[in-house]
Amino acid sequence: DGGITQSPKYLFRKEGQNVTLSCEQNLNHDAMYWYRQDPGQGLRLIYYSQIVNDFQKGDIAEGYSVSREKKESFPLTVTSAQKNPTAFYLCASSMGQMNTEAFFGQGTRLTVV
Amino acid sequence: SQQGEEDPQALSIQEGENATMNCSYKTSINNLQWYRQNSGRGLVHLILIRSNEREKHSGRLRVTLDTSKKSSSLLITASRAADTASYFCEGLTGGGNKLTFGTGTQLKVEL
Chain R
21 DGGITQSPKY LFRKEGQNVT LSCEQNLNHD AMYWYRQDPG QGLRLIYYSQ
71 IVNDFQKGDI AEGYSVSREK KESFPLTVTS AQKNPTAFYL CASSMGQMNT
121 EAFFGQGTRL TVV
Chain U
65 SQQGEEDPQA LSIQEGENAT MNCSYKTSIN NLQWYRQNSG RGLVHLILIR
115 SNEREKHSGR LRVTLDTSKK SSSLLITASR AADTASYFCE GLTGGGNKLT
165 FGTGTQLKVE L
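Those sequence lines, one after another, are chains R and U. Every number in our numbering is 20 more than the matching position in the first sequence, counting from 1. Every number in our numbering is 64 more than the matching position in the second sequence, counting from 1.
Chain R on its own, in the form it takes in the complex (with noise of 0.2 Å):
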């Protein structure tokens, strides 16, 4: 079946460790799309990629990275550096050309604590 698969679905770190979440993706579309979306809130774009090995910042990239090394995934790292890192992660991907949907994985909660 094609889509996009995010993992783990839950995460708990500690405070000031790194974690590394997986996006996965066997659609064969272009671009991929990280988001953030806390309790009751909207989506807040962390960092996408229209292409492999090329990235952009969202609207809140600070504190976090990514890697394009594969059309197919598209990792996302929270840093220590991220002050409230606790969350709902949200991974979506598109064709990359105009007027065509994104399809959304089905999230990971991540709790630092």
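Hints should not be assumed to be uniformly reliable.
[As the list claims (entries may be wrong)] In the DSS-like style, the derived pairs of lysine-lysine whose C-alpha atoms are separated by at most 30 Å in a straight line are:
1) R:Lys-29 <-> U:Lys-172
2) R:Lys-77 <-> U:Lys-90
3) R:Lys-77 <-> U:Lys-134
4) R:Lys-77 <-> R:Lys-90
5) U:Lys-90 <-> U:Lys-134
6) R:Lys-103 <-> R:Lys-90
7) U:Lys-90 <-> U:Lys-120
[Stated by the list, open to error] Taking CB as the label site, the calculated pair distances span:
8) R:Thr-106 <-> U:Ala-146: 26 to 36 Å
9) R:Phe-32 <-> U:Ser-132: 44 to 54 Å
10) R:Thr-25 <-> U:Glu-117: 28 to 38 Å
11) R:Phe-32 <-> U:Asn-116: 41 to 51 Å
12) U:Gly-104 <-> R:Asn-38: 16 to 26 Å
No wet-lab data here; the hints were simulated from the structure. Heads up, the beta-carbon is just placed ideally off N, CA and C, and yes, glycines get one too.
Based on the hints, put chain U in the right spot on chain R.
Okay, now just chain U, sitting in the frame of chain R:
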């Protein structure tokens, strides 16, 4: 960054009633899309309307777009309890593929 803004923030209706939610945005867009999010899950695409379209239908969904007012509305007719979710609008600008979302409307449909 350009971001849509949904209105109302929350809406509670009885099953069978219609639900209308609105979205306003700040800059010109090439298309506008509506998504649904069930609690704690990812977003699901509902419908896309292009900037040269004024109205579009998909099943019980009706979307309108007024580019002069920079606004869109989503109407869900004959609502069901399963429609309970948050609804987001998203505008795609001509500058690329950066998707930006509003804060959403939380719809609750009661039996």
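Here's how the hints hold up against the structure:
no., hint, verdict
1, R:Lys-29 <-> U:Lys-172, "holds, 25 Å"
2, R:Lys-77 <-> U:Lys-90, "holds, 21 Å"
3, R:Lys-77 <-> U:Lys-134, "holds, 26 Å"
4, R:Lys-77 <-> R:Lys-90, "holds, 18 Å"
5, U:Lys-90 <-> U:Lys-134, "holds, 7 Å"
6, R:Lys-103 <-> R:Lys-90, "holds, 29 Å"
7, U:Lys-90 <-> U:Lys-120, "holds, 22 Å"
8, R:Thr-106 <-> U:Ala-146: 26 to 36 Å, "holds, 30 Å"
9, R:Phe-32 <-> U:Ser-132: 44 to 54 Å, "holds, 49 Å"
10, R:Thr-25 <-> U:Glu-117: 28 to 38 Å, "holds, 33 Å"
11, R:Phe-32 <-> U:Asn-116: 41 to 51 Å, "holds, 48 Å"
12, U:Gly-104 <-> R:Asn-38: 16 to 26 Å, "holds, 25 Å"
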